[in-house]
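The listed protein sequences correspond, in order, to chains G and C.
Residue numbers for the first sequence follow my numbering, beginning at 1 and rising by one.
Residue numbers for the second sequence follow my numbering, beginning at 461 and rising by one.
Since the hints were made in silico from the structure, they are not lab data.
Nothing here was measured: the structure is a model prediction, and the numbers come from that model.
All C-beta atoms in this analysis are idealised placements derived from N, C-alpha and C, irrespective of residue type, glycine included.
Take every hint as true, because none was put in to throw you off.
Restricting the straight-line Cα-Cα distance to at most 20 Å, the calculated cross-link-like pairs of lysine to aspartate or glutamate (EDC-like) are:
(1) G:LYS21 to G:ASP102
(2) C:LYS669 to G:ASP155
(3) C:LYS669 to G:ASP180
(4) G:LYS69 to C:GLU687
(5) C:LYS721 to G:ASP167
(6) C:LYS667 to G:ASP155
(7) C:LYS749 to C:GLU737
(8) C:LYS661 to G:ASP155
(9) G:LYS21 to G:GLU55
(10) C:LYS659 to G:ASP155
(11) G:LYS435 to G:ASP415
(12) C:LYS661 to G:GLU111
(13) G:LYS130 to C:GLU662
(14) C:LYS659 to G:GLU201
(15) C:LYS659 to G:ASP180
(16) G:LYS8 to G:ASP49
(17) G:LYS130 to C:GLU670
(18) C:LYS721 to G:ASP144
(19) G:LYS363 to G:GLU260
(20) C:LYS669 to G:GLU111
Simulated DEER-style distance windows between Cβ atoms:
(21) G:PRO270 to C:LEU924: 47 to 57 Å
(22) C:ASP821 to G:ALA265: 43 to 53 Å
(23) C:VAL817 to G:GLN137: 48 to 58 Å
(24) C:LEU689 to G:ALA134: 28 to 38 Å
(25) G:ALA265 to C:GLN841: 56 to 66 Å
(26) G:ALA265 to C:LEU643: 32 to 42 Å
(27) C:GLN631 to G:GLN137: 44 to 54 Å
(28) G:CYS218 to C:GLN747: 39 to 49 Å
(29) C:ARG730 to G:PRO270: 33 to 43 Å
Given next are the chains, with one letter for each unit.
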Amino acid sequence: MNFSEVFKLSGLLCKFSPDGKYLASCVQYRVVVRDVHTLQILHLYTCLDQIQHIEWSADSLFILCAMYKRGQVQVWSLEQPEWHCRIDEGSAGLVASCWSPDGRHILNTTEFHLRITVWSLCTKSVSYIKYPKACQQGVSFTRDGRYMALAERRDCQDHVSVFVCSDWQLLRHFDTETQDLAGIEWAPNGCVLAVWDTCLEYKVLLYSLDGRLLSAYCAYEWSLGIKSVAWSPSSQFLAIGSYDGKVRILNHVTWKMITEFGHPATINNPKIVVYKEAEKTPRLAPGRLAFPPPRAAAGVASPAETKYEIASVPVSLQTLKPVADRANPKIGIGALAFSPDSYFLATRSDSVPNAVWIWDIQKLRLFVVLEQLSPVRSFQWDPQQPRLAICTGGGKVYLWSPAGCVSVQVPGEGDFQVLSLCWHLNGDSLALLSKDHFCLCFLETEDRVGTAFGRPGDHT
Amino acid sequence: MGEWMTVTDPDLSSESKNICQYTSETKMSPSSLYSQQVLCSSIPSSKNVHSFFSAFCTEENIEQSVSYLDQELTTFGFPSLYEESKGKDTKRELNIVAVLNCMNELLVLQRKNLLAQENVETQNLKLGSDMDHLQNCYAKLKEQLETSRREMIGLQERDRQLQCKNRNLHQLLKNEKDEVQKLQNIIASRATQYNHDMKRKEREYNKLKERLHQLVMNKKDKKIAMEVLNYVGRADGKRGSWRTGKTEASFFLRNEDEMYKILLNDYEYRQKQILMENAELKKVLQQMKKEMISLLSPQKQKPRERADDSTGTVISDAEEDAGELSRESMWDLSCETVREQLTNSIRKQWRILKSHVEKLDNQVSKVHLEGFNDEDVISRQDHEQETEKLELEIQQCKEMIKTQQQLLQQQLATACDDDTTSLLRDCYLLEEKERLKEEWSLFREQKKNFEKERRSFTEAAIRLGLERKAFEEERASWLKQQFLNMTTFDHQNSENVKLFSAFSGSSDRDSLTMHSRPRQKKPQNMSNGSPVCTSKLTKSLPASPSTSDFCQTRSCASEHSSVNVLNITPEETKPNQVGRECANQKWSMASRPESQEGCYSGCSLTYTNSHVEKDDLP
Chain G
1 MNFSEVFKLS GLLCKFSPDG KYLASCVQYR VVVRDVHTLQ ILHLYTCLDQ
51 IQHIEWSADS LFILCAMYKR GQVQVWSLEQ PEWHCRIDEG SAGLVASCWS
101 PDGRHILNTT EFHLRITVWS LCTKSVSYIK YPKACQQGVS FTRDGRYMAL
151 AERRDCQDHV SVFVCSDWQL LRHFDTETQD LAGIEWAPNG CVLAVWDTCL
201 EYKVLLYSLD GRLLSAYCAY EWSLGIKSVA WSPSSQFLAI GSYDGKVRIL
251 NHVTWKMITE FGHPATINNP KIVVYKEAEK TPRLAPGRLA FPPPRAAAGV
301 ASPAETKYEI ASVPVSLQTL KPVADRANPK IGIGALAFSP DSYFLATRSD
351 SVPNAVWIWD IQKLRLFVVL EQLSPVRSFQ WDPQQPRLAI CTGGGKVYLW
401 SPAGCVSVQV PGEGDFQVLS LCWHLNGDSL ALLSKDHFCL CFLETEDRVG
451 TAFGRPGDHT
Chain C
461 MGEWMTVTDP DLSSESKNIC QYTSETKMSP SSLYSQQVLC SSIPSSKNVH
511 SFFSAFCTEE NIEQSVSYLD QELTTFGFPS LYEESKGKDT KRELNIVAVL
561 NCMNELLVLQ RKNLLAQENV ETQNLKLGSD MDHLQNCYAK LKEQLETSRR
611 EMIGLQERDR QLQCKNRNLH QLLKNEKDEV QKLQNIIASR ATQYNHDMKR
661 KEREYNKLKE RLHQLVMNKK DKKIAMEVLN YVGRADGKRG SWRTGKTEAS
711 FFLRNEDEMY KILLNDYEYR QKQILMENAE LKKVLQQMKK EMISLLSPQK
761 QKPRERADDS TGTVISDAEE DAGELSRESM WDLSCETVRE QLTNSIRKQW
811 RILKSHVEKL DNQVSKVHLE GFNDEDVISR QDHEQETEKL ELEIQQCKEM
861 IKTQQQLLQQ QLATACDDDT TSLLRDCYLL EEKERLKEEW SLFREQKKNF
911 EKERRSFTEA AIRLGLERKA FEEERASWLK QQFLNMTTFD HQNSENVKLF
961 SAFSGSSDRD SLTMHSRPRQ KKPQNMSNGS PVCTSKLTKS LPASPSTSDF
1011 CQTRSCASEH SSVNVLNITP EETKPNQVGR ECANQKWSMA SRPESQEGCY
1061 SGCSLTYTNS HVEKDDLP
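Looking at chain C on its own, in the form it has when it is part of the complex:
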């Protein structure tokens, strides 16, 4: 609206300006032109303007134009421009006031119109832009619609295709199934056919075999024969017995008997094994139960104190059951009667144990949680604070050290010429000397002490050596004693002897020659006794180093020592040694093809044996 104002050139003349105004106005909407015209007409400021408007009103036609205007205005509802005429004949006078009022009103109207127009125009613009926006939106949506429509069509197409495929696959599957069915049928029929053929073939084959057999047999084949120089005896020494019609039945019965015996033996053996296994398992069970009871008993008291606690009653029940069981020693009864009780009690206890363990777990987890929640976090903060503090301290200390170092250096630098400082230093040195002396004396004292201790230690070592010697002697005598015991009370250690004799017997049987046999009994006993003795000794020595035990045995030994000396004469031991040597020779003989080491090991074995024997001899 205001554009035309700026467009105007200030250099142009007023006329041209006006024209320009006009022309610029003409570019505007027709309504504005009109208003401009009205405006111009309403404000006749100059002659030029007046002349410009002369088209409507001139000097000549004032009357007419006024009347025309009056008419026009009255039709628009304005008051008449003329004064009220008194008479009809009299010429009506132009009322100036009315004219001015009318003009004012017109101007107000004009302004209002202008405002309204502006509003309308802005609204129009707004609406226009709204319209544009909506149109855009519409276009977009239309596009979207189009694309989605297209997509839908595509999807539909695909769906259709997939359905088609699916249908095809279904068809294929069906076909395949049919095929499989067919093939299975074929296989089955082939199999039956094959089996049938096989059977037929086999029958034929059997027939042929039979025929062949007959032919081979009937031919009186002279070749089928056995040439033996002389018949051999049976391995078991019995005479060969071949079945005959009569004895067949009895033979058969005997065989049956034997077979069943074998089977029975096997079953008995297995039953024994199972029984043993069962017994062991029962033992384990019992032990477990005991342990459970012992484990649960310390807790049991607490719940009992609480009296109403359910677990407590269960425990007591269980314990009663257990008591019954163990008292009656029902373990040897058949399982059926015991089983239920046993399993029930075990189950109960197990449940208790489980609940207890779970409780413990819960407690532990609770404690953990609490701990983590409170203490740990706080402590961590503490830690951090502490570390910070410590770091600070360290820093301070470092600084201190630095300053001290600096001071010291300064002192050193100034020491040469400063008397006071030298004095100070002297007194420091004196102090230090004194301290050193004190320390020196302390060290000497300590040294003395150490030497004293060393002396006592060496003495103790000497004493220990002596004691050891004595002990060795004691041991030898005890050994003798034990050995004597073995020989005199052989039956006491029958088990051990048996073990050994099984071992020695085998070697003796293999190796002992005739000449050692007559006197074999006693030396053998002796040789039997000695390893047992040593084994016992080696067992007992590390296990019981307590002197009281040893003293007892020693006293025993001293009692029997005289008998011991009498009992064994060198004559009797000799054959045994000879026998052993023989055994050694055999050993080496047997192991010769193998290697030298085998012989060596045998030798070493015998060597240890002989060593033991030497120990035995008085």
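Here chain G stands alone, though its shape is the one from the complex:
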């Protein structure tokens, strides 16, 4: 595992281009575009104000930089560095900005969710979509970029509008049976839209592309409901994490629950492997990692090195007692992610903040639990293979694959606190972001081959 040198960064704004060739990062007013392989600076754009959001267009030709405080968006072209575009929302303000999937339209949401303005880069035309709902996840594009679903609120009733992205025409408009819609998301095949209600009520509605209600699911009543939702990449499963600390998985044929994954704080089943991160005792057992990584950087010997140990069951995980009288209690399943091959599901229960649970979807059972020393901030699957990268806001990055797991210290002077991470498209490098720096982590191809051949069943 090799690491690049450390570059400056602000606002955790660092993104790989969709074609995997470039890496854009922000430093205050400037956007730096680098080549992914050589890390040489290809372009440098200077914006009018501090950048708060960047986004690549789908064809990797443009970069959008949003400055919400100014209510402005600037767009830069990679092909023509002299080309520029500036969009000003004026007194209406700006709270969100994103590309349409064709990379030629920009959707700006104004303050107070008054409207969404659709700006075209091809023509002078501007169109408005009124009544967008202010919610967790109000806009969703299908993966093929053809359709956009938008949550709306009209006359105290939730609605969903489906637009055709090519000409922004309204295709379908239907009201949903939700009290207070919280989010919408298309299935990866673009034919089913999952709509879920606010956390006060457990309710998931599944709509067909043509607006028919396919199914409604409610696990329980009178208690806090859904916290997170994720589709499996095969569109076969819908995983719903809720405040009761369980993940429920619906199937795509009957839309009924297949199974329920509880997240108990003690693990008794001896079949489940529990990896526990432990501080390495200095110089006692240097090479005894659970999955020893060939260390390229020799000067890593920092005092806080850690390793994974396989804990013997029964294991009790550290739990957090939620504060009952505050809003947004730290309970329930806060994050869910399917692996790209849909074989695994990684979850994090907010009441057990140090643990990542990895479930085997083929066998529908718990497979592995990783317990970190500090709360897990985020995790992300390798886009190419079942390999999970985890960061906890410390100086290490953690990788899990069915073959085992590693904890790797990020080299460099001073503390590099990994707050966020993102994978490159082909899964051989990983961008690690800290508060004001970032670096790339290159993973060995040999290692990749090894884990790619290790099928999920091989691990005993």
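We have chain G already, so just place chain C on it with the hints.
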């Protein structure tokens, strides 16, 4: 009663004794005193006694006392003491006989009375003790009664208290229920109120939003604008088309069409998947059925022999059904028609199988039971007996050994001076020597044999090596042959080639440079062929080591070998190698930032490829 006898002091004079007797008697019951008096009076043994009784009868009043006694006795029913007087005037004479009779009778009476008295007294005592016992019992029972009464009162009290409590709790429950009801009502009303308020607020909010929107829009905000250097072309190359009133309808229709197409595609895809799944399941079902039939068929004959056996008929039915089904190959028909038949037959067979298995289980359990009942127990006893016997034998043997040892020691001790024993020993030694010689000769023979075998083995190994060499050569030639086949009859292995070409194509497209393109076709074919060939070879070699198979291929190879040599010229192979090298370079380029190992793996990959190519070349 006899106490007074023991109490008396033997040293005392008779008088005092008597007094003592008397006084002691006085302590007794009055009746006994009386009897004593009577007794004493009746037996006047001494003068003293006589004088003692003088109070009643003295010398003077004999007449009177006699008459008195007579009177008394007659009143008690005794015969008169006097003789029957002949005349009234004559004085009546005292009849002694009568007196004695009377006395005797009195004495008998006295004794009887004494006995009766004793009886009565014992009875009295008994009754007294009974009385005591009963009194005790009575007291106890009374106590018990008292305690139970108290307990009852306590229980009653508790019961009352509990009832009271219960009543209170009921009351509380009722209150709580009321409370809950009230709270629920309150919650409901609050909820409705909240919802109502929310709606109102939202409406207001919407109004405000609308207003704000208007204000923002109407202000002619000059700031709301987009500055673009020049407009960009659409990603799909089309000209930007924005909806206009006219075309809107047609656009809408087209969009609808597209949407339905997408949906339809999805459904078709899913249907296909389901069909595939169904087909697979059907296959499994069929296989299971076949296996069931085959499993059941050997048993089926036996019941058939029995003719009347019900299971036999069922089996035959089932088999007929199965036969029909498989014959008509109804699997491809829609499920509805087949389903019932299929499920029925499967169910039948399943039932048969189940019953059969159950029967087997029963049999097994029976056998087990019987076995445990008879054989096992007996055998265990046998075991014990046997072990005992064996132990005994062991003991005996040990003793034997001991005695023998002792004997031997004695012999050794005495051997020095005893001639006979030494002689004996000598003859023993001779015997042993002879035996050793025999063994020695045997060993030599064996050694010879072993060496012979070793020699033959080494020879065989040499031969094997030679054969192996020959085989390697054969393989090389066969490989060539196969390769030739591939190149000449490419279409035969089109599938394999396709697989490979997909792989090689990607690498070629990435890596092959312009100069290799014109001659690309043939070498590519060749490179396509070779891995297929090797893969086939590696597959077939371990699987079929039989020589006949190999000979066939070899003969084939010899036929084509001449063509093979002609076909490939070193010129044609060159560009391919160049292309490969180029690919290698690209590989290493791409993997440079990652690590050295990535490059290495790429190299090793190409190395294996080139190795294969070398094999191909004549």
